[in-house]
Amino acid sequence: MNSSLIIAMNSMSAYQNKIDTIADNTANVDTVGYKRKIASFSDLLNNTTSQPEDFYKDGRLTPLGFTQGWGARIASILTDFEQGALQATDVSTDFAIEGRALFEVIADNEGTVAYTRDGSFQISMNAQGEAVLTTSQGMPVRATLEDGSQGSIVIPNGYAIQVGIDGTVRATNGEETLNLGQINLISPVRPDMMTQVADNLFAVADGINAQDVVQRVFAGENGITIRQGYLEKSNVDLTTELTDLVRAQRAYQLAARALSSTDTLMQISNNLRG
Amino acid sequence: MIRGLYSAASGLISQQRRHDTITNNIANFETVGYKQKTTPLRSFNEMLLQYTEPGTNNTNKIGTWTGNVFAEESVTLFNQGDLYQTNRNGDFALMSNIQLPGMRFDSNGKYVNENGEVTYQPQAYFTVLTNDGEVQYSRSGQFATNMNGELITNTGLRVLGSNGEPIVLPAGVSIDELTLGGNGNLYRADGTDTGIGFYISRVENPNMLVQVGNGNFKLAEGEQVQQMAPGDEVAIMQQYLERSNVDYLQSQVELMAAARAYETNAQIVKIYDQTLNKAVNDIGKVQ
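As you go down the protein sequences, you meet chains W and B in turn.
Reminder that position 143 of the first sequence reads as 158 in our numbering, one-by-one numbering, no gaps.
Reminder that position 267 of the second sequence reads as 359 in our numbering, one-by-one numbering, no gaps.
Calculated directly from the structure, the hints in this document are not laboratory data.
Each statement offered as a hint is correct.
List of simulated lysine-lysine pairs, PhoX-like, C-alpha gap at most 25 Å: (1) W:52 - W:248; (2) B:202 - B:310; (3) B:362 - B:377; (4) B:202 - W:72; (5) W:72 - B:310.
Same shape as in the complex, but just chain W (with noise of 0.2 Å):
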């Protein structure tokens, strides 16, 4: 009796971690270059009761035993790095990218490296009073300087910036221009060894070789562009989110009354004796 119970409750939370899910990707479908999550669900071990060898008898389709399994449970949360529609904003530092590959920001003071496929940058200003390429949440976007060097893009003062399909940066006022160098992009060669992390961006979880999950690629190859003046808009699709919603949610409705089904044969043994 307790294995009913204990399975409708296993496949309740499952289902709801799944409407989750999808509730998430539905609130950021209007989310610069965001990724949609993906719910994998997974049936629970099962236990197979041992029967002895007198259970084998004619018509038996099966192996002595009989099995049991114990629900479901999601099993993990993929990310889904589809290509999302491109939209024309116009605006000098928004940047998208087509094709298989996110930019490199870097998140906090220590310099630590992370990724994201969210092109609305804007110019901000660094401790040292210079005008710096960020992210919206002003994470400096990481670059290859002129000198070869890695840092962020300084603007100087009265530049407008101008990038091209393979992510050179320019500066120019009008006179004269200045090469400041390339946007860095890499490639996630085992996205699933990624992990989402708020504020759109992508990391690589700790004590995982950063190299074996994302290489350095540069655009204008292998099919990868950015595109200046556009914003890749999330790849989530409101139709199929919407008829996952449904599934998702008939299923919990059909494990709750499961779960009530349930509690009535408990009431019904409760009362033999009534």
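With the hints as your guide, set chain B onto chain W.
Structure of chain B alone, referenced to chain W:
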């Protein structure tokens, strides 16, 4: 008379098992590649009841009786689940419709010949390696890659390639860049063959597979399994997944049926209780 009390009790236990199995099916409604199970009930062996006349050795046959019922086994229904498109390159679905010469399988994968002999349709599976090095079988094709570039199932078990070794993607190549070619191998975007394919196992009698959880089946010892051969009617579809074959409506109906049958058995127990009450307290009572 008491015999019936135990019959009703065995009915309660069996219906409970049935209820558990259906609840487990419902729980796995959204589990990729899950196959629903049923719990056939079986009556106990028939016995002959005899009555011995008091004071003599004369026996009279009363008749046969098959008192109790039990949940005999947990049978998996192996019919194909629906495929749905995901647009994710790490998703693979198996469509298995293996034919045997001279047999025409019904939708439940069963063929009965004129002598009443039953043959079950062989089924195809992805082959996975557990962390203990045991080979298991799975229809759940929602794969990911780990740090070493090994292709893993959603519960982290390694997937075996056509050479019988775990699949390891070439360094620097992600599964998103690989597409499945007509020969079952994965191809790079520039058209070069990586030589990596899946080890698809063909299980001759799928009833000998036992569900072990984590989307996997284990094959009973000594049963036939072989690598899929060209010409077997099995298709691997990339960017697709196989839904569980759990029937929403059937589950609901069976759940109600099991609950009501349980209730009926409980009523029988109660009636026996009342009868016993009469026998114990009322017979021979002096007013």
